[in-house]
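Novice: Residue strings, one per chain:
Number of protein chains: 2
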Amino acid sequence: MTPTITRRPDIKKLVRPNVLKLKAYEAKEIPCKVKLDANESPYGYGYLKGIKTNRYPDPQANRLKSVFAKFAGVSPSNILTGNGSDELIYYLITTFGGPVLYPTPTFSMYGIIAKALGEKTIEVPLDKEFDLDLKKILSVIKKEKPKLVFLSSPNNPTGNCFSAERILKIIKASKGLVVVDEAYQPFSSERGMAPLLMDYENLLIMRTLSKVGLAALRVGFLIGDEKILNEVNKVRLPFNLNSVSQALAEKALKDRKKARAIIRAIVRERDRLYRGLSKIKGVRPYPSEANFILFKVKDADKAYSALLNKGVLIRNMKGVIDSCLRVTVGAPKENEMFLKALGEII
Amino acid sequence: MTPTITRRPDIKKLVRPNVLKLKAYEAKEIPCKVKLDANESPYGYGYLKGIKTNRYPDPQANRLKSVFAKFAGVSPSNILTGNGSDELIYYLITTFGGPVLYPTPTFSMYGIIAKALGEKTIEVPLDKEFDLDLKKILSVIKKEKPKLVFLSSPNNPTGNCFSAERILKIIKASKGLVVVDEAYQPFSSERGMAPLLMDYENLLIMRTLSKVGLAALRVGFLIGDEKILNEVNKVRLPFNLNSVSQALAEKALKDRKKARAIIRAIVRERDRLYRGLSKIKGVRPYPSEANFILFKVKDADKAYSALLNKGVLIRNMKGVIDSCLRVTVGAPKENEMFLKALGEII
Chain A
2 MTPTITRRPD IKKLVRPNVL KLKAYEAKEI PCKVKLDANE SPYGYGYLKG IKTNRYPDPQ
62 ANRLKSVFAK FAGVSPSNIL TGNGSDELIY YLITTFGGPV LYPTPTFSMY GIIAKALGEK
122 TIEVPLDKEF DLDLKKILSV IKKEKPKLVF LSSPNNPTGN CFSAERILKI IKASKGLVVV
182 DEAYQPFSSE RGMAPLLMDY ENLLIMRTLS KVGLAALRVG FLIGDEKILN EVNKVRLPFN
242 LNSVSQALAE KALKDRKKAR AIIRAIVRER DRLYRGLSKI KGVRPYPSEA NFILFKVKDA
302 DKAYSALLNK GVLIRNMKGV IDSCLRVTVG APKENEMFLK ALGEII
Chain B
2 MTPTITRRPD IKKLVRPNVL KLKAYEAKEI PCKVKLDANE SPYGYGYLKG IKTNRYPDPQ
62 ANRLKSVFAK FAGVSPSNIL TGNGSDELIY YLITTFGGPV LYPTPTFSMY GIIAKALGEK
122 TIEVPLDKEF DLDLKKILSV IKKEKPKLVF LSSPNNPTGN CFSAERILKI IKASKGLVVV
182 DEAYQPFSSE RGMAPLLMDY ENLLIMRTLS KVGLAALRVG FLIGDEKILN EVNKVRLPFN
242 LNSVSQALAE KALKDRKKAR AIIRAIVRER DRLYRGLSKI KGVRPYPSEA NFILFKVKDA
302 DKAYSALLNK GVLIRNMKGV IDSCLRVTVG APKENEMFLK ALGEII
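Protein sequence lines, in the order shown, are assigned to chains A and B.
Mapped onto this note's numbering, the consecutive letters of the first sequence carry residue numbers 2 to 347.
Mapped onto this note's numbering, the consecutive letters of the second sequence carry residue numbers 2 to 347.
FYI, nobody ran anything at the bench for these hints, they're computed from the structure.
One should not assume that every hint holds.
One copy or any two copies: either way a pair holds, since identical chains are not told apart in the list.
To be verified - No more than 25 Å apart at the CA atoms, straight line, and that leaves these computed lysine-lysine pairs for BS3-like:
(1) K252 / K53
(2) K29 / K71
(3) K36 / K297
(4) K280 / K36
(5) K146 / K228
(6) K173 / K252
(7) K258 / K53
(8) K334 / K311
(9) K297 / K53
Given the sequences, and given the hints that come with them, work out the whole structure.
Specialist: Below, the structure written as structure tokens:
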């Protein structure tokens, strides 16, 4: 057995030269009685109790970071907040550039953002079990030296977690950064990659509040080594997270009981939905560790349209995974309406 | 006299090739009874009346756009919304690339963002009246062909509007885009550049709610030709503006009376503050069309620290404009405290 080698990325080689020489924008909070430094209006709109609408947000989101740090079991300096995970992906690719490697099918934004920023993308198809094609990925890593590898686990739209062992091998083999997007981790029975953070500095983890009842707020978190986050922070817009989202995300993260209840209810419904789908002839659902279920039918286009005719909107995955549809786990009543409608049209 | 030539930019030459071939991310709203397509939680947090925290924001911000369109006298298709103007600058530079030209001193984010994105910047110092150095800018435009020219008018931190005639000449001479950032226009007695939009397709105008009482929300607007905005829209993150900011910005824009009252109060105080500054020996304020005043003292560092000691925080412009400080117009009481403190320490 080979000993575990802690991977320390060479930041100077990884960061784009124009970013490396930048300094982060400093917007320090200086205590004072009369604040006339930031071209704010002295008058706000009394729309939200406790929020001064006329003041700029805390540029560092310090209170939110400290609450999330406790939740995640890391230090606030290991966290960067984003206007959704989308923005964090944007910043990661701006900071490190390409090539950007990700398996397919997966969350579409890795590729969309890399292309918007003019960076090379490398797509490696998943294997037949929707797991990572380790051999292919390792050979591409060796040959193309991607700066960033994005792994959504649990993966959207397939619903499964990737093999933890394979993810670890990719982290070990990669001289670039491996970003594990754990947007759906709250619904998973597996442990996630966070325990590896202390041993592998080239591992970053993304989390979001969008799947657990707060999509409206756009709050994403990037967790990782402080030296790496400091580089990403240089390309971050100083006021990227508005005050309302900061305040409400903080409040929600403190309300652990409610969050747990939401997650438990969704997991329970997911398993019921899976059993329901399994019972419909001509429907093949795939096991899910997320808050949605991918399933196969004979004619995805037809099923999609017929469901929409009955008022049920789900995602048609045709063109991404042949003959597949993806349904989000809804409230019990919604799931029943969906199952009933699907049973009638298949 | 030469006839006015409507400037139609050649989009294919302006847009970066990787962006030109992209398609905008489509997140259409499809009417349905049961919405199970977006991996949202069926359960939200009842924090805000009328806002479903569990649902993603409207990706197009259609209601907000239509309210702002009425306000600005343009069509909603001539508007792009941003998570603050900062984000719109990011998107503009991502879409068109550099060189990026701007006068100095000016709002720092044009340069910061261009550098973060690895694009060349060209800085042309303002003349002695803080106006645009037309001769130099025109010669640079001819030689370096900047893709983007950013002009903040009224300008931060000098407070003056640039000569409208000079701006027009720059628009006419430029084969790239000229972005006039009118963040401070609500406080100006001048007319602004919006009337030129219909004749010059290479003119874009930025507005923000950050200076008029809503900095906390991060809402910026880009106004311009639809074909150009369509290109910028390709690099926009689909859910860049959260639901709360959309809703509250819409509400505030409808409350014209309140907005007018805030602006009037600030302008009145600015003029009073200017007179107060003029009366202090050793202080030379510059006229302002914005919600702040730049002023010269003998020793800016010393004045800055002495004011802070008395609890008054303003902006030290040392290193940007020699021996200058910038004070934001506050509420009457705040301005009095500032004037009193300054009088005591000068």
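Novice: Taking the hints in turn, state whether each one holds.
Specialist: Hints versus structure:
1. Taking the closest pair of Cα atoms, K252 and K53 come within 25 Å of each other both inside a single copy (17 Å) and across two copies (16 Å).
2. In this assembly of identical chains, the alpha carbons of K29 and K71 lie at most 25 Å apart only when taken from the same copy (23 Å versus 38 Å across copies).
3. With identical chains, the CA atoms of K36 and K297 are at most 25 Å apart between copies only, with a shortest distance of 19 Å across copies and 60 Å within one.
4. Taking the closest pair of Cα atoms, K280 and K36 come within 25 Å of each other only across two copies (22 Å); inside a single copy the shortest separation is 65 Å, beyond that limit.
5. Proximity of K146 to K228 under the C-alpha cut-off of 25 Å is restricted to the intra-copy arrangement: shortest distance 21 Å within a copy versus 37 Å between copies.
6. Taking CA atoms no more than 25 Å apart as the test, K173 paired with K252 passes in neither setting, with 37 Å inside one copy and 52 Å between copies.
7. For a Cα distance limit of 25 Å, the shortest separation of K258 from K53 across copies, 20 Å, qualifies, whereas the shortest one inside one copy, 28 Å, does not.
8. For the homomeric pair K334 and K311, the shortest alpha-carbon distance inside one copy (15 Å) is at most 25 Å, but the shortest distance between copies (62 Å) is not.
9. Taking identical chains as interchangeable, the C-alpha atoms of K297 and K53 are never at most 25 Å apart, the minima being 50 Å within one chain and 31 Å between chains.
Against the hints set out earlier in the document, violations occur for numbers 6 and 9.
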